[in-house]
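Trainee: Below, each chain spelled out in residue letters.
Number of protein chains: 4
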Amino acid sequence: MNELTEMIVKFREERNWKQFHNPKDIAISLLLEAGELLENFQWKSSEEAVEVNRDKIVAELADVLYYVLLLSHELGIDVEEALKLKMIENERKYPVQKAFGSNKKYTEL
Amino acid sequence: MNELTEMIVKFREERNWKQFHNPKDIAISLLLEAGELLENFQWKSSEEAVEVNRDKIVAELADVLYYVLLLSHELGIDVEEALKLKMIENERKYPVQKAFGSNKKYTEL
Amino acid sequence: MNELTEMIVKFREERNWKQFHNPKDIAISLLLEAGELLENFQWKSSEEAVEVNRDKIVAELADVLYYVLLLSHELGIDVEEALKLKMIENERKYPVQKAFGSNKKYTEL
Amino acid sequence: MNELTEMIVKFREERNWKQFHNPKDIAISLLLEAGELLENFQWKSSEEAVEVNRDKIVAELADVLYYVLLLSHELGIDVEEALKLKMIENERKYPVQKAFGSNKKYTEL
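Same order as they appear, the protein sequences are chains V, C, Y and R.
Residue numbering for the first sequence follows my numbering, beginning at 141 and increasing consecutively.
Residue numbering for the second sequence follows my numbering, beginning at 141 and increasing consecutively.
Residue numbering for the third sequence follows my numbering, beginning at 141 and increasing consecutively.
Residue numbering for the fourth sequence follows my numbering, beginning at 141 and increasing consecutively.
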């Protein structure tokens, strides 16, 4: 991911686009890309959507990751590390014996 | 990221939660997390939001990455590779001399 | 709807909250409420969600309408009139004989 | 709004599109339209966005209202009435003397 972040930042610097970026606007763009991702599933079953729109779904997932990495860079954080810590916390919050097969627990995640 | 994906998949398997997952529902959850991320900026300037809600923003970014990795896993794709290819394509689509400092080009990204 | 808009504007004026409102932030809040609406369907079938979360769904729909009316007021437009015009345009864009029972046409709406 | 709902339902019936509609998918579409609305504000100040994209913003607001009315119809509820009740509740939850000019109270709305 470090390599990817470097590509993203270099791409932006070469085009002098930092001026348009602030965390709030990046967060908006991240959400809009998540919307474009979901759009591929609109009025379709999950299976049909994946069959018909697989390439578009992959492209939109990449766009979401783009903004996740850009915003993490702007905030000076390591998002992979943050997720690792969160997973360890989740292990504690959702113990296997209680959470096993439970939709209820899951929806609270 | 491979390590992270493994943590996520193992966490899910131990809890027998795969049954609740299909790509469409994961895409919905990804978007909802992107919404929770943006919620930290609601009615605030970007600067104020980062100052007041930094920790929450980091946590929500991690949640978005969680679903990006989970959905990539479900689709059997390498999202980092997909983003690299996309960045190479962007280099071509937005040549430095045309895109330099231009908001117009940027918004089409 | 005029009566509703008046309630909303009066409520805001009494609390001196106009200062926090600009169209961009209202558009963000509208989207976040749409997210809270969708959250009621997360990891559930449509039927299960309506059965379990009916009251919450109604409340979130009301919140979305709140921001639709507030933003329309800020822009000085009549959103009901705008929708009527749009429906007339849709009648033309999706003629019955072509659109009948077609998912394809529908997804382009 | 009753007149609008009738137009929407008649439009759908004539095209035999009800088969594609279930509350979950309508909620997804509502959110996607809210995203298209917000897209008009992407990388722009609120003022610039309204100046440049006014017509598009109005069109997207109408699209959001379309799905608010359609989903309300599907659920058999009167969303205007629901919002009126919510406003009365808000009057109680955010008393003028406490909420006056307070960003804090507002963000909890």
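Some hints could be false.
One copy or two, it doesn't matter: identical chains are merged, so the pair holds either way.
No more than 30 angstroms apart at the CA atoms, straight line, and that leaves these computed lysine-lysine pairs for DSS-like [unchecked claim]: (1) Lys-158 with Lys-224; (2) Lys-158 with Lys-184; (3) Lys-184 with Lys-233; (4) Lys-150 with Lys-224; (5) Lys-226 with Lys-238; (6) Lys-150 with Lys-238; (7) Lys-224 with Lys-184.
Quick caveat, the hints were computed from the structure, so don't treat them as lab data.
Trainee: All the hints need checking, so say for each whether the structure fits it.
Mentor: Hints, verified against the model:
no.	hint	result
1	Lys-158 with Lys-224	both (29 angstroms within a copy, 20 angstroms between copies)
2	Lys-158 with Lys-184	between (38 angstroms within a copy, 14 angstroms between copies)
3	Lys-184 with Lys-233	between (34 angstroms within a copy, 22 angstroms between copies)
4	Lys-150 with Lys-224	both (27 angstroms within a copy, 13 angstroms between copies)
5	Lys-226 with Lys-238	within (19 angstroms within a copy, 37 angstroms between copies)
6	Lys-150 with Lys-238	between (46 angstroms within a copy, 16 angstroms between copies)
7	Lys-224 with Lys-184	between (33 angstroms within a copy, 27 angstroms between copies)
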